[in-house]
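There are 4 protein chains.
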Amino acid sequence: MSGRPIRSGAEYIESLRGRNLKVYLMGEPVSEPVDHPIIRPSINAVAETYDLANSNPELASAMSPLTGERINRFLHIATSPADLVMQNKMQRRLGQLTGTCFQRCVGMDALNALHSVTFDLDRNNGTGYHDRFKDFLVRVQHSNLVIGGAMTDVKGDRSKSPSQQADPDLFVRVTRRTPEGIFISGAKAHQTGCLNSHWLIVMPTMRLEAADKDYAIAGAVPVDAGGIAYICGWQSCDTRSAEGGEIDAGNARFAGQEAMIVFEDVFVPNEHIFMDGEVEFASTLVERFTCYHRRSYVCKTGVGDVLIGAAATIADYNGVERASHVRDKLVEMTHLNETIYGAGIAASHQGMEMKSGAFLPDEMLANVCKHHVTRLPYEIGRLAQDLAGGLMVTLPSERELRHETIGPMIEKYLKGRADIPTEDRIRILRLVENMTLGRNAVGYLTESMHGAGSPQAQRIQIARAMQIEFKKELAKTLAGINSASRQEIADDLSTYMARVFAPVQRN
Amino acid sequence: MSGRPIRSGAEYIESLRGRNLKVYLMGEPVSEPVDHPIIRPSINAVAETYDLANSNPELASAMSPLTGERINRFLHIATSPADLVMQNKMQRRLGQLTGTCFQRCVGMDALNALHSVTFDLDRNNGTGYHDRFKDFLVRVQHSNLVIGGAMTDVKGDRSKSPSQQADPDLFVRVTRRTPEGIFISGAKAHQTGCLNSHWLIVMPTMRLEAADKDYAIAGAVPVDAGGIAYICGWQSCDTRSAEGGEIDAGNARFAGQEAMIVFEDVFVPNEHIFMDGEVEFASTLVERFTCYHRRSYVCKTGVGDVLIGAAATIADYNGVERASHVRDKLVEMTHLNETIYGAGIAASHQGMEMKSGAFLPDEMLANVCKHHVTRLPYEIGRLAQDLAGGLMVTLPSERELRHETIGPMIEKYLKGRADIPTEDRIRILRLVENMTLGRNAVGYLTESMHGAGSPQAQRIQIARAMQIEFKKELAKTLAGINSASRQEIADDLSTYMARVFAPVQRN
Amino acid sequence: MSGRPIRSGAEYIESLRGRNLKVYLMGEPVSEPVDHPIIRPSINAVAETYDLANSNPELASAMSPLTGERINRFLHIATSPADLVMQNKMQRRLGQLTGTCFQRCVGMDALNALHSVTFDLDRNNGTGYHDRFKDFLVRVQHSNLVIGGAMTDVKGDRSKSPSQQADPDLFVRVTRRTPEGIFISGAKAHQTGCLNSHWLIVMPTMRLEAADKDYAIAGAVPVDAGGIAYICGWQSCDTRSAEGGEIDAGNARFAGQEAMIVFEDVFVPNEHIFMDGEVEFASTLVERFTCYHRRSYVCKTGVGDVLIGAAATIADYNGVERASHVRDKLVEMTHLNETIYGAGIAASHQGMEMKSGAFLPDEMLANVCKHHVTRLPYEIGRLAQDLAGGLMVTLPSERELRHETIGPMIEKYLKGRADIPTEDRIRILRLVENMTLGRNAVGYLTESMHGAGSPQAQRIQIARAMQIEFKKELAKTLAGINSASRQEIADDLSTYMARVFAPVQRN
Amino acid sequence: MSGRPIRSGAEYIESLRGRNLKVYLMGEPVSEPVDHPIIRPSINAVAETYDLANSNPELASAMSPLTGERINRFLHIATSPADLVMQNKMQRRLGQLTGTCFQRCVGMDALNALHSVTFDLDRNNGTGYHDRFKDFLVRVQHSNLVIGGAMTDVKGDRSKSPSQQADPDLFVRVTRRTPEGIFISGAKAHQTGCLNSHWLIVMPTMRLEAADKDYAIAGAVPVDAGGIAYICGWQSCDTRSAEGGEIDAGNARFAGQEAMIVFEDVFVPNEHIFMDGEVEFASTLVERFTCYHRRSYVCKTGVGDVLIGAAATIADYNGVERASHVRDKLVEMTHLNETIYGAGIAASHQGMEMKSGAFLPDEMLANVCKHHVTRLPYEIGRLAQDLAGGLMVTLPSERELRHETIGPMIEKYLKGRADIPTEDRIRILRLVENMTLGRNAVGYLTESMHGAGSPQAQRIQIARAMQIEFKKELAKTLAGINSASRQEIADDLSTYMARVFAPVQRN
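Residue numbers (full-length UniProt numbering), protein chains in the order written: chain A, 1 to 507; chain B, 1 to 507; chain C, 1 to 507; chain D, 1 to 507.
For the record, the hints were derived by calculation from the structure and aren't laboratory data. Careful, some of the hints might be misleading.
Since the list can't tell identical chains apart, any single copy or any two copies may satisfy a pair.
To be verified - With a straight-line cut-off of 30 angstroms between C-alpha atoms, the simulated BS3-like cross-links for lysine-lysine are: (1) Lys160 x Lys412; (2) Lys134 x Lys412; (3) Lys213 x Lys412; (4) Lys355 x Lys412; (5) Lys213 x Lys134; (6) Lys355 x Lys134; (7) Lys22 x Lys412; (8) Lys22 x Lys355.
None of the values given here were measured: they were computed from a predicted structure.
With the hints as constraints, model all of the structure from the sequences given.
Now the structure itself:
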């Protein structure tokens, strides 16, 4: 974590080499992930977050109030609504550039959440987590590292709390405490970009009870700490990246990544512990993190831009782009895509200041944003498949295209518009397949469904925030029903209506 | 327009008395609209815009850069994204307080649009409209008047332009010009709140050609100018306001209003003319006005809050509020309602500065907002009817409730939960009826569909703004297709992507 | 009930005169419903069921196995899938001809349900209800009478059973028993067409417990029996039928009807009692009735045909029928409308024979049909409003059209295509208003939602019938999961999958 | 085609061996498709169509009027609505048993369409195709062969007709005629189950003009005829079938199949030609085939049953099956699935007799059925992913599960409910992945979209059949608009309304 800062995507990729990680993929240990054909595209996606900060610093970097230096925006704590909005804009742009998950939002959102949670925790308990956290943050900002956030425990029997599980390891927990620090064990599932990070921030995954004290742990761990194993998922069509050629992968250069992380007595020294046993703050941390993170799914609008573009391109290649129903479907896809964007931007814009000075997005709108993300990309994907035509799933492989005798048949018979190379038509169809069935459908669809909380989690949050009693009063008043007292809009910004009707500072 | 400013809802109502308007309703002339039982609720709704400015000045008033005075926000020109956002917040609040259309947005949006259009028109043509417009605006701000906007012509045969119509009056036009001003004739349909305004701003309704010069007219006309007739619509259930009692109307105090305005050689003096013959600016004016106005439909989220509250109340009165499907429907209604709000706020937040200094909302997001308004209130209304139960359409009248022998039967048999008065149950059901079938369904549903442009109008705008070529390049790049040149995001904020990726000023 | 049979709509209308009914509407007693301008359109709609039987006997009549005579199909017991299907076809046609609810299905479905329930009840309990019921049926068939079904109790506190209510009358119950019969008291809400019937069939509304014995009552009562009062609902825009003119009503000739029926010690002689105290058969009766009745909502596809036609007509009158988005909306409306029809026909086709020889529609598909009816007419209505344009809610009244000075303005300015009379344009817009906001929106929308059970009732039935364990076995088998035993499709037609895979008799 | 009939799935598989087919898959020739691990599952699926005919002959076989023998239902010509309905029931059952496309419907639908088309063609032109066709059919029925239908040409530039293409081979065409027969060249794309068939029936893919005479060709060709090459698609996750293990494939035993067929001067003798040059019957054949085939997508309801079962199973394994939102999602999935079934059954039930004696499904309802198939499986799939949880896309491979050191970690950490083996949980998740992203998503989603015609094709057919003028008359009549003549329902069953209102024969 010392050493000179990483200054580009290329330097970032180099920084990952030579770590002695214990990684498994398809039953085999992976000695050097950077060179593994299935893993590499996910590393390339993270690398884009460095390069964009160079090519468009206003979008993807920020001035750190902590260091006074210009830092990557993924390491910046938002201290205004404008900062929150800029996160969304950067996310959309990276979605456009990679067409996939660039994996760095979890860390950004974890850092932002910990900023205010450690502050509030200290104020409440007289602890010193916030300063520790800031020390860690300064070093990370200076070195320009990738932070992974590790939240989702494997959970076991969902009807039982962590401490009630038959196997105590089904949630990550403290197994031993020493004067220098703690040892943790357990496993985190579906960890986005973990292999491609430098540090992991471990956090609890749900509200905890007093009995769950050993599970109320937050802290930072180097990715190559002793005792960690990474078990990669075998995801739809990912082996195509290892089959040679570049067409059949659809998006040869970029991909997402999920793995399970298994911790076996991993040591965390005191200076990297940001919560230890304060069960009453576990849900606070979870809620703030998900509030940031649900709105971070604005990234999918950038991915959606790519898919809309792919659908329009194949319609163009087929010679039907001007058909009114084609045009209308592109409009609908755009309408849906911008719906997500609008909700995300509104959530960021209506953010509120926490006591630590960090800004938190509006919780209601963040949930509305993510809830759309669990629905609309599926419909955008369906429409893309409609425009693509059936060929997107019956294409022969690139090897047929290159084949001495079969190749000419492919060239001849898969020709669309005369002026478009058959290969280009195939390439764009493979991209649509990649995004709706293949490797990136994992990120664009299923992860959109479950990442940062499944749909029901958002509905629960919306239910909590919807202030139904306030709305009932509105209705009763207009219906002429006498009511004990007309409920006023609270001043307390912790309620949604107070935030809705709060004056906006002139910007 | 001189005289002391209007300072409250009550003063506003008084200001409407004694005008010698030619008004027809259900075949009868209306001598004093203020006292007409069907018209009065719509006047009450406008009056709330005055009272809110007093009770919550931060929300509903603003400091005028023109006069240096605090003025009603409906008369304020937005000179920052924050101003645009505050318009939306005020609109939502007034929707909550009235449960209907408070009719004053058209004027606000017309004034804002004219501010930049007259400026640009003068820059282009060397005319002096902008100063004239500002003079008018200063007086209006000072007197605190209600401005109605009159845009929608009756249109006749939709396949023909104004000048091609068999009857030249099917679009409002200049019939005569004198050194002092012009005379106009024609009719504007569906005019919201026209009777309840002090001035009307007449504007063209569509793109015009050179031959349509006499139709390229914008100007201000007092509501009681000679030659104007107002023909009120007969709207669903509006006669209930005249039947005595207050329950059956559902929302006895507030309602919307639409009428047709017929102009017969109405004189407009030069100082109130803001465009005359500049056909090339007609579409500019229409597009800017609709951009403001489509996002102004955020008001419907306030109305939606009332309907959600009404649905929750009746579920409560029926004793089923805790049922999981009831709860889930309230969540869905909230999710949809906040979707509209989010898109509107994002449109305002992402507004851009015009040369005149006025800020215009983001066009794409404004259209996305309005497009949702043409769909989601119908679904919210459907869910409200689901929760209300069939009784909402089979209720006997208030007269039965008050009837000597029938009244006790009603009391006995329409009782729900024992602790809730039968009358309260009836009242809330009548409110749901009012908002989904009755007088306010006109505003909450059909006007949501067609006001500020029908759904297809938004789709056309979305199609224009969706930058499909930019998105095709994104896809081709990722698919590995060689393309002449990778298209960069333009700096020109007139394109959507430029606005998306423009840095936000820190606020 | 003796006397010569009713042979036409006109004779039916005459048959209703001179009954001494106690009817209230808008606070006033109605001496002769036949002549009441608000009630009459609902009588006209029933009359069409007689006239169609004459003009198209194959569609609207059937040969009675009981009497050997050709009878109105509404009085026929279905003894084959083809009979069930023909009910749906007749219903659609009557929906087309009246554009509203013709009110006679409740009785048809009640008779069909009682046929098998009384048979099964007798087989189980050794009672003699089935013969009694058939005697009644023969007389009714012979006289060609209208039967209303009275099921929906007012229910009071929904968390309590009938016998637990504070007021025992909140469900209809037996108050006294004599050797000759019983006396009943209570009230039924939302009773479709009750005033326009000759007999009412009273039935329980829900599953009953042993303590609810006095509520387990089914029987036939003449509409003019002593002790009955009818309290009509005041429904959206129904007073327009009493305002003179015929345009503003939208559909001047036809309408639906709902009223509350209050029973005060009404006597039912033994020969008209079809269930008395057999609480265990209450839910059987409710379930069979709703099974028939949910599929009977195919009538709404006929009403939908009218609304689709109205939307196409106004698009035509506006000169935009050929626009691709207009065409596309008409296709979507048709697709949705035929979805309801398809589910209904499939439910009827897949009907199963009961022990009495009557055929019952498929319960799953009947619920799927009705569940669509709670959603799709709202979307069809929304699309109709889209095509209609805003004028449908801002139209002045017919009186303005006929007004000496205002009339010519209306003629001039509400002109659409030059070759279409302004009045015709207004007429079709008023029809769309009638069907989406006005008097018939009550039937096409809200009654579609709640009639024959609210949406959640269908979901509960679908959940019961969905055989999730069978489907889990299918999945486990394909996933290679060892399972105790592969579950076979049962032979018992009482499960859905057995009916799905039952061979169809060749027809 | 001689030899003894195939009597079981096993015999069918043997019948495929040793054919000298020219097959390519992933760039390699496939010497024996039966033994190829990627192809074999698709053969297994077809084999089920033989075994079901043995285990449930009423469902999957029929008595042939041509041969007097009991034959497989896939080779039977439907001569009653009941026959059409039984096709749907068999299709649903096979979908349940295989969870994929069993590939034999295309042939069934092609045979049924050719029966009436050759008959009508002969009546019109005095040709002798119908007898030829019946001769072929008798032999096929006797030998119990699999017939593939080859319709979809590769099409090239979609704005040009076959004869206008730069390359004349972009539609299959006659290249040479001899006294004994014809030679054909060209290619058919997306051919379902072609490799697994014994015969292919070649048909034109669209309406043809006079200039397209050489493209108006229908005939039967043995799959192993000289000059044919098969180029298999590389489909999502299909290589998993070749990676060893059986879990990761999700559905190890069954799969669908699509390939491109390239014809190079393939000879068709006269006795196997069923159309040659009669361009005016090309569209008739296409329309009748698609009418049968669009309703054949009822098969997807059987596949849907599997997916619903899989979703319920994983909810069960996670311990949340009783949660109300889980239950509600299963209900919704069922509702949508049965919607497709209902529309299909109704289409079959409302089938009409052709002059040849064959029955054709109702065209409107067949299109409504298929149009739902282009939408609802996507939503069912989305809901299945919702219930599955994110683990369905982050699972490690079976090799990790079997791995000495990693295996125990997987066992420990991917445990859900304590009583469910981890492996079973993984198996069911892999099945959901298979059906929503993997190999069978090709069939359940994308093929549902495009097979038998893309969505717009159905909308065009619905538009043609929707009888909008008839519906306009209904509306005008009710609105009181004088119309030249009230349009009656035609007797001609070729219109939809005539079929709707036609009496049903009692069955």
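Quick rundown of the hints versus the structure:
| no. | hint | in the structure |
| --- | --- | --- |
| 1 | Lys160 x Lys412 | between (61 angstroms within a copy, 16 angstroms between copies) |
| 2 | Lys134 x Lys412 | neither (63 angstroms within a copy, 36 angstroms between copies) |
| 3 | Lys213 x Lys412 | between (67 angstroms within a copy, 22 angstroms between copies) |
| 4 | Lys355 x Lys412 | neither (67 angstroms within a copy, 41 angstroms between copies) |
| 5 | Lys213 x Lys134 | within (24 angstroms within a copy, 66 angstroms between copies) |
| 6 | Lys355 x Lys134 | within (15 angstroms within a copy, 44 angstroms between copies) |
| 7 | Lys22 x Lys412 | between (48 angstroms within a copy, 18 angstroms between copies) |
| 8 | Lys22 x Lys355 | neither (40 angstroms within a copy, 60 angstroms between copies) |
The structure fails hints 2, 4, 8 (numbered hints given earlier, in ascending order).
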